[in-house]
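Residue numbers (the numbering used here), protein chains in the order written: chain A, 23 to 286; chain B, 4 to 333.
These aren't lab readings, by the way, just hints derived from the structure by calculation.
Hints are not guaranteed to be accurate.
As the list claims (entries may be wrong) - Beta-carbon label-pair distances, calculated as ranges:
hint	chain 1	residue 1	chain 2	residue 2	range
1	B	E231	A	E73	20 to 28 Å
2	B	K222	A	Q269	21 to 29 Å
3	B	I180	A	G187	30 to 38 Å
4	B	Q305	A	N235	46 to 54 Å
5	B	S299	A	N235	37 to 45 Å
6	B	D183	A	R257	49 to 57 Å
7	A	G159	B	K15	26 to 34 Å
Claimed, not checked - No more than 20 Å apart at the CA atoms, straight line, and that leaves these computed lysine to aspartate or glutamate pairs for EDC-like:
hint	chain 1	residue 1	chain 2	residue 2
8	A	K261	B	D314
9	A	K250	B	D131
10	B	K264	A	E207
11	B	K317	A	E266
12	A	K40	B	D148
13	B	K317	B	D298
14	A	K72	A	D173
15	A	K192	B	D190
16	B	K21	A	E185
17	A	K261	B	D79
18	A	K192	B	D189
19	B	K264	A	D34
20	B	K330	A	E270
21	B	K74	B	E51
22	A	K218	A	D34
23	A	K261	A	E281
24	B	K155	B	D131
25	B	K297	A	E264
26	B	K176	B	D190
27	A	K176	B	D79
28	B	K18	B	E71
Stated by the list, open to error - To be clear about the criterion: a stretch of chain B counts as covered by chain A if any three or more of its residues have a C-beta under 8 Å from a C-beta of chain A, and this derived list gives those stretches:
hint	stretch
29	19-32
30	118-131
31	142-156
32	190-200
33	261-274
34	321-327
Every residue, glycine too, gets a C-beta built ideally from N, C-alpha and C.
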Amino acid sequence: MNSVVCVKQVPDTESVIKIKPDGSGIITDDLKFVMNPYDEYGVEEALKLKEKFGGSATILCMGPSRVVETIRTGLAMGVDKAVQLDDPAFEGGDAFATAKALAEALKGLEYDVIFCGKQAVDDDLSQVGQILAELLGLPHVSLIQKLQVADDKKSAVVDRQVEGGIEVLKVLLPAVLTTQKGLNEPRYASLPGIMKAKKKPLDVKDLAALGLNADSVGCNGSKTMITKYTAPPERAAGKIIEGEGPQETAPKLVQLLREEAKVI
Amino acid sequence: MSNSIWVFAEAKEGKIKKVALEMISEAKKMAEKLGGDVSAVLMGQNVEPLAEQLGHYGANKVYLADHEVLKDYTTDAYSKVLTELIKENEPSIVLYGATILGKDLSPRVAARLEAGLATDCTGVGLDDGKLTVTRPMFAGKAYTDISFSGSKTNMASVRPNALPVTPPDESKKPEIIKVDVNINPDDIRTTIQEFVKTAGERADLTEAEIIVSGGRGMKGPENFQMLEELADVLGATVGASRAAVDAGWKAVSDQVGQTGKVVSPNLYIACGISGAIQHLAGMSTSKFIVAINKDSDAPIFQKADYGIVDDLFKVIPVLTEEFKKLKADS
Ligand SMILES: Cc1cc2nc3c(=O)[nH]c(=O)nc-3n(C[C@H](O)[C@H](O)[C@H](O)COP(=O)(O)OP(=O)(O)OC[C@H]3O[C@@H](n4cnc5c(N)ncnc54)[C@H](O)[C@@H]3O)c2cc1C
Ligand SMILES: Nc1ncnc2c1ncn2[C@@H]1O[C@H](COP(=O)(O)O)[C@@H](O)[C@H]1O
């Protein structure tokens, strides 16, 4: 059973996001970067499959040299090897351009399952996994919370969270699965894991190594472009409702919601 | 290529989703500027009776794909039917609701057509006759304007409750175009084995107009009953902070925040939630925010329109009674 986990490095969710004065991007100088939280579930699930069926777990991560730290985190958790896609030409890509490069890299890897996060918590696109599946001609299931691979590894049964309940689906493998919270509890890297990670193979590929044209990836290969970043609308300071206990404050609140906010 | 704006009209349990009506309302305004028309795409089994309503909100045409193979959503069947339809008619814009289904389907269709797609948009508009959108990133810590290039059809999924619905005009009847559905069983690589219902009749958090959310201050799962009662009175959906979810008091699907659901209701009532940055990121686009917290320094009060600094266990029962009175009077 071979799994590939697509891992993205993103700013820590604690981060305050500051926008450049000209609106051309965000200020990345003092951001702390971490593994996209949803991708941690993919790593954990790949390790579980490896423990159960044997085989390998591989990380595929596109990004500049800073992403190596995130890749090492995955390797320290127990992943066997990693492929990093690093080339200035990959930068600034939208979901389509990103998936294009990832798909090309995947053609050189062995997999029964490809894990992606349900979304990257920086761009919040929720697209790359589905597009990747399409480009590779594979089925996908999004938002999985439980995975049971059949003994013959030709199919899997997954629980998928949808409105109002859980859908139980059988999917033919290989497939792309996008992970949702609840799938598992990602393990921490152990100290021996961290030591071993340093020696695990990390294969860095640039545009030429993938054999792709510069026009098909990054900004040039994108179908959508961010033209401007703005700060979210400021919320005006609110009112603290004064009064002697709930008997006074609750009616006041209801009245404000009714007459001022007009939401009730 | 036609100057047509399409809306994927998601239907669930015999009802068109409100977000579809929101998009049709907006598409109609855009079509007037563009000199084009609005079409809705309706897929499912026995959904024909829903087609007319789409006309009332502004769809000139409804493409109706009614077939037993479309009864339940599968990525493969829906994307095949929709992609073929788009290929044939080449609309300039396709809008989807940013629902679980919409977010599963739209990237797949976009990829097959090599079309641009922006997800979870809070605003859509036209610039020089071409689609432009606004969408939050970092769960709302930043907003971006997006333009499209290089494809005939541009696509966006739109967040529920982000666009206003215009009043329906019941005299307007859409032209209904029946779509041939040619799916063979091998096209569908997933099979639904079971559906386990976990929620009641309430709207999903991402679509709810009112949300009552509880955090660690709720102290235990049993106390969420109090929020359920408040939600019943308001027709609201109950959400939770990650602390409440991690404690096992509420399901993962109830979590609001950067790594839960990003919500934009008209009213968000936060009870015993401190307002950590990841929580705020997921709910600060709510139109009105109410916070009930005994700590006046809790960061949630910086985002709240109205706050009550008090013990939630004392406030919520009285508040529920007050809302009941109000509902009884009106
Ligand atoms: C990677 C990552 C992702 C995360 N994603 C999310 C996310 O998506 N959503 C999310 O919510 N969090 C998220 N968090 C967690 C977040 O940082 C906070 O820990 C969490 O939101 C705290 O939840 P809380 O406000 O319920 O609890 P607390 O911060 O403990 O606050 C409880 C509040 O209840 C009040 N209170 C207590 N008793 C009463 C009472 N009787 N009456 C009134 N008020 C009372 C207290 O004054 C306090 O303000 C994430 C964290 C990380 C690291
Ligand atoms: N640069 C990247 N490198 C590797 N995987 C990525 C990258 N960008 C996105 N992904 C994968 O796609 C998922 C969804 O991302 P997105 O569509 O951007 O929200 C992420 O959780 C990752 O699994």
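Status of the hints after comparison with the structure:
no.	hint	result
1	B:E231 to A:E73: 20 to 28 Å	violated (40 Å)
2	B:K222 to A:Q269: 21 to 29 Å	holds (23 Å)
3	B:I180 to A:G187: 30 to 38 Å	holds (33 Å)
4	B:Q305 to A:N235: 46 to 54 Å	holds (49 Å)
5	B:S299 to A:N235: 37 to 45 Å	violated (59 Å)
6	B:D183 to A:R257: 49 to 57 Å	holds (50 Å)
7	A:G159 to B:K15: 26 to 34 Å	holds (30 Å)
8	A:K261 to B:D314	holds (17 Å)
9	A:K250 to B:D131	holds (17 Å)
10	B:K264 to A:E207	holds (19 Å)
11	B:K317 to A:E266	holds (12 Å)
12	A:K40 to B:D148	holds (16 Å)
13	B:K317 to B:D298	holds (14 Å)
14	A:K72 to A:D173	holds (13 Å)
15	A:K192 to B:D190	holds (14 Å)
16	B:K21 to A:E185	holds (14 Å)
17	A:K261 to B:D79	violated (50 Å)
18	A:K192 to B:D189	holds (14 Å)
19	B:K264 to A:D34	holds (17 Å)
20	B:K330 to A:E270	holds (19 Å)
21	B:K74 to B:E51	holds (12 Å)
22	A:K218 to A:D34	violated (25 Å)
23	A:K261 to A:E281	holds (15 Å)
24	B:K155 to B:D131	holds (15 Å)
25	B:K297 to A:E264	holds (13 Å)
26	B:K176 to B:D190	violated (34 Å)
27	A:K176 to B:D79	holds (18 Å)
28	B:K18 to B:E71	holds (17 Å)
29	19-32	violated (count 0)
30	118-131	holds (count 6)
31	142-156	holds (count 13)
32	190-200	holds (count 9)
33	261-274	holds (count 6)
34	321-327	holds (count 5)
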